[in-house]
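S.K.: Chain X is already provided as a structure; the job is to place chain W on it using the hints.
Here the protein sequences come in this chain order: X and W. Residues 95 to 252 (the numbering used here) make up the first sequence, in order. Residues 14 to 473 (the numbering used here) make up the second sequence, in order.
Any given hint could be a false lead.
[As the list claims (entries may be wrong)] Computed spacing ranges between beta-carbons, pair by pair: (1) X:Glu227 / W:Phe107: 22 to 28 Å; (2) W:Glu150 / X:Ser158: 49 to 55 Å; (3) X:Gly211 / W:Ala180: 53 to 59 Å; (4) X:Ile139 / W:Ala180: 55 to 61 Å; (5) X:Asp130 / W:Ala450: 44 to 50 Å; (6) X:Ser158 / W:Cys102: 32 to 38 Å; (7) X:Gly211 / W:Phe409: 43 to 49 Å.
[As the list claims (entries may be wrong)] In the BS3-like style, the derived pairs of lysine-lysine whose C-alpha atoms are separated by at most 27 Å in a straight line are: (8) X:Lys150 / W:Lys390; (9) X:Lys171 / X:Lys125; (10) W:Lys151 / X:Lys104; (11) X:Lys99 / W:Lys87; (12) X:Lys104 / W:Lys87; (13) W:Lys151 / W:Lys184; (14) W:Lys87 / W:Lys313.
[Said to hold, decoys possible] Where chain X lies over chain W, by a calculated footprint (3+ residues, C-beta under 8 Å): (15) 62–72; (16) 99–108; (17) 127–140; (18) 218–227.
No lab work stands behind these hints: they were computed from the structure. Keep in mind that this is a model prediction, so the values were computed, not measured. Quick reminder that beta carbons are idealized off the backbone N, C-alpha and C, glycines included.
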Amino acid sequence: MQFSKSLIIKAAMVIFLGLYLVWIYNSDNAKDLSMDQIASSMENIATVTEMQKRDKGDLQRYYSIMDTDTEGFFFYKDVSPMSVNEILILKAGSKDEASSLLEAAESHLESQENVFGAYGTDQMALLSEASVESRGNYVWYMCGPDAGAWHDAFTSMI
Amino acid sequence: MVFSSIFFIFCFLPVFMLVYYLVPGRGRDIVLFIGSLIFYAWGEPVYVILMLFSALFNYYMGMEIYDCPEESIKINLIFTVVVNVFILCFFKYFGFLLDTVSGITGLSIGHPELSLPIGISFYTFKNLSYILDVHREKIEPQRNFLTFCVYSTMFPHMAAGPIVRYADIEKQLARRPVSIAKFGVGAEYFIKGLAKKVILADNLAVIFGAISSSSHNAVLTAWIGIFAYTMEIYFDFSGYSDMAIGLGKMLGFDFQKNFDYPYISETITEFWRRWHMSLGSWFRDYIYIPLGGNRVSMPKHIRNILVVWALTGLWHGASWNFVLWGVYYGLLLLLEKFVLSDLLQKAPAAVRKAYTMFAVMIGWVFFSQTSFGAIAKYLGTMFGPAASGFADSATFYYFRTGIVLFVICVISCRPFLQDRFRRLMKRNMSLAIAIDAALFAVSIAYMVYNSYSPFLYAKF
Numbered sequence: 095m096q097f098s099k100s101l102i103i104k105a106a107m108v109i110f111l112g113l114y115l116v117w118i119y120n121s122d123n124a125k126d127l128s129m130d131q132i133a134s135s136m137e138n139i140a141t142v143t144e145m146q147k148r149d150k151g152d153l154q155r156y157y158s159i160m161d162t163d164t165e166g167f168f169f170y171k172d173v174s175p176m177s178v179n180e181i182l183i184l185k186a187g188s189k190d191e192a193s194s195l196l197e198a199a200e201s202h203l204e205s206q207e208n209v210f211g212a213y214g215t216d217q218m219a220l221l222s223e224a225s226v227e228s229r230g231n232y233v234w235y236m237c238g239p240d241a242g243a244w245h246d247a248f249t250s251m252i
Numbered sequence: 014m015v016f017s018s019i020f021f022i023f024c025f026l027p028v029f030m031l032v033y034y035l036v037p038g039r040g041r042d043i044v045l046f047i048g049s050l051i052f053y054a055w056g057e058p059v060y061v062i063l064m065l066f067s068a069l070f071n072y073y074m075g076m077e078i079y080d081c082p083e084e085s086i087k088i089n090l091i092f093t094v095v096v097n098v099f100i101l102c103f104f105k106y107f108g109f110l111l112d113t114v115s116g117i118t119g120l121s122i123g124h125p126e127l128s129l130p131i132g133i134s135f136y137t138f139k140n141l142s143y144i145l146d147v148h149r150e151k152i153e154p155q156r157n158f159l160t161f162c163v164y165s166t167m168f169p170h171m172a173a174g175p176i177v178r179y180a181d182i183e184k185q186l187a188r189r190p191v192s193i194a195k196f197g198v199g200a201e202y203f204i205k206g207l208a209k210k211v212i213l214a215d216n217l218a219v220i221f222g223a224i225s226s227s228s229h230n231a232v233l234t235a236w237i238g239i240f241a242y243t244m245e246i247y248f249d250f251s252g253y254s255d256m257a258i259g260l261g262k263m264l265g266f267d268f269q270k271n272f273d274y275p276y277i278s279e280t281i282t283e284f285w286r287r288w289h290m291s292l293g294s295w296f297r298d299y300i301y302i303p304l305g306g307n308r309v310s311m312p313k314h315i316r317n318i319l320v321v322w323a324l325t326g327l328w329h330g331a332s333w334n335f336v337l338w339g340v341y342y343g344l345l346l347l348l349e350k351f352v353l354s355d356l357l358q359k360a361p362a363a364v365r366k367a368y369t370m371f372a373v374m375i376g377w378v379f380f381s382q383t384s385f386g387a388i389a390k391y392l393g394t395m396f397g398p399a400a401s402g403f404a405d406s407a408t409f410y411y412f413r414t415g416i417v418l419f420v421i422c423v424i425s426c427r428p429f430l431q432d433r434f435r436r437l438m439k440r441n442m443s444l445a446i447a448i449d450a451a452l453f454a455v456s457i458a459y460m461v462y463n464s465y466s467p468f469l470y471a472k473f
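Chain X extracted, bound-state conformation (with noise of 0.2 Å):
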């Protein structure tokens, strides 16, 4: 009796740790793409390629991240200080690493908002339908009238 108590504990573990990995598998993951392929995919968007290509001088300058911190990012941006049109796409080394990322990520958001949140109202438009998410590794900022379109064709990609 105290045996087959303890087979089915057991049982009853790997079962659930079973479950939960498939679940974790199907749920929070994505593909282990490098920038390049990301780049080449999303410079097909016209939109996207419009803007300016930023570097990692940008990105310290715009979001206080260290392109060191990160295994690549993908980052245009509107050349004009009155637009919030931007896309930026990171990938970190961990999903700890992308979460720190994606504080980042939001705090630009927030910061944008007190900028143009005063007499911006096309701006705050866009900004409050901004996509600021995370996935796997991949951490991105998408903001403009085409974000929803960056946002469908980036997550179909990963």
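M.R.: Same frame as chain X, now just chain W:
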């Protein structure tokens, strides 16, 4: 949540400590457990379930291994170890394994990228040490689930160690008096660790990041870069360990130190007695000695050392550069043991120290560069063939901008400053506290400026 964040220091920690100190007796276990869950769930709520499962599984199996009939002990032990190792491998080595198979066979096996749960390597090893110690009857199993959860999920050393063993804190789990004096010592450890991380390590990271991302470097620039990384990884990781030890003291615990000034070592053997001591002793006690240690024939002894060091490398990350880094140290230790021991004993201390630092810096090249190509290129730059010259304007720029930081680092990685500070604390406590307060203020200023700064070892 990371220790070096404004939210942790000014919101989570004060509220948590206030509640912890207000709640009497064993109620503190509940506060610590809930606090640890909140700390962990802040970044990744879904993995709290995994951490709790690991705690529940090892809690149950600890009792099972201890209580079951003699003939079932071995099978229960194997089952427990296999499940723990499987969980670790599933999250950490799944993609690595498939990539390796793809590389060898030429097949293109795609796989989703699973995110790595924070601290999975640390809490898996911690739980395994508990199970193995129960099996060896070194400890009795913990029969109170809450107490075991406090041990298994405790937030101070959850993300990046040290790997605290149950045997070391068994009595403290039952009773751990807190006092203002101990809280003060803990706060001092925490501030010291915070300063190491945000004042030293984060600024060194900027220098190394700039140099390593440049496609062409001069010889001296590459050496400045790897020196910066050598210091960065020490101050980053030992900073985290100091913060964890400090938080432990504030909660009434005494964790073993994890670093003992490794860069003053005179041999690689000594270096590994001083660097990440909790991991080194884990591999020694649970892998090296069970394999036979040095009480076997020479070929088996060599095999044991290489196996342990390959595993040590692999523990750090699912990438071949870490395996190479581990094997490199295994070979160096063999060399010291069988070839260089007499020579090193006769050499002056300065030569021994120079040799050790040279070997350690080369080791950090393997560690910091994630592909064999990048390792070859960086080493090629350090030794000339791939360099753009011996020195150029960038060399002088990095030297000029980094020299003050480098000097501070060289002084800080020796016991000198800490010894002076301890003496000052006895002679003039007010001044010592003022220095701590100033360090804290400067650290906060850096944290406000640099909003994002993860710990290097948290990714392992």
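S.K.: Give a verdict on every hint.
M.R.: We went through each hint and held it up to the structure:
1. X:Glu227 / W:Phe107: 22 to 28 Å: Since Glu227 of chain X and Phe107 of chain W have Cβ atoms about 24 Å apart, the given range 22 to 28 Å holds.
2. W:Glu150 / X:Ser158: 49 to 55 Å: holds, 52 Å
3. X:Gly211 / W:Ala180: 53 to 59 Å: For Ala180 of chain W against Gly211 of chain X, whose Cβ atoms are near 56 Å apart, the range 53 to 59 Å holds.
4. X:Ile139 / W:Ala180: 55 to 61 Å: About 58 Å separates the Cβ atoms of Ile139 of chain X and Ala180 of chain W, which means 55 to 61 Å holds.
5. X:Asp130 / W:Ala450: 44 to 50 Å: Roughly 48 Å apart at Cβ, these two residues keep to the hinted range, so it holds.
6. X:Ser158 / W:Cys102: 32 to 38 Å: Taking Cβ atoms as reference, Ser158 of chain X and Cys102 of chain W lie about 35 Å apart, which means the hint holds.
7. X:Gly211 / W:Phe409: 43 to 49 Å: Between Gly211 of chain X and Phe409 of chain W, where Cβ atoms are some 46 Å apart, the hint holds.
8. X:Lys150 / W:Lys390: holds, 22 Å
9. X:Lys171 / X:Lys125: holds, 25 Å
10. W:Lys151 / X:Lys104: holds, 24 Å
11. X:Lys99 / W:Lys87: holds, 19 Å
12. X:Lys104 / W:Lys87: Distance ~15 Å between Lys104 of chain X and Lys87 of chain W Cα, so the pair holds.
13. W:Lys151 / W:Lys184: holds, 14 Å
14. W:Lys87 / W:Lys313: The given pair, whose Cα atoms are some 24 Å apart, holds under the 27 Å limit.
15. 62–72: holds (count 5)
16. 99–108: Contact hint for the segment 99–108 of chain W vs chain X: holds, 3 residues under 8 Å.
17. 127–140: With 5 residues closer than 8 Å to chain X, the segment 127–140 of chain W meets the three-residue bar; holds.
18. 218–227: Contact hint for the segment 218–227 of chain W vs chain X: holds, 6 residues under 8 Å.
Violation of the numbered hints given earlier is absent; every hint is satisfied by the structure.
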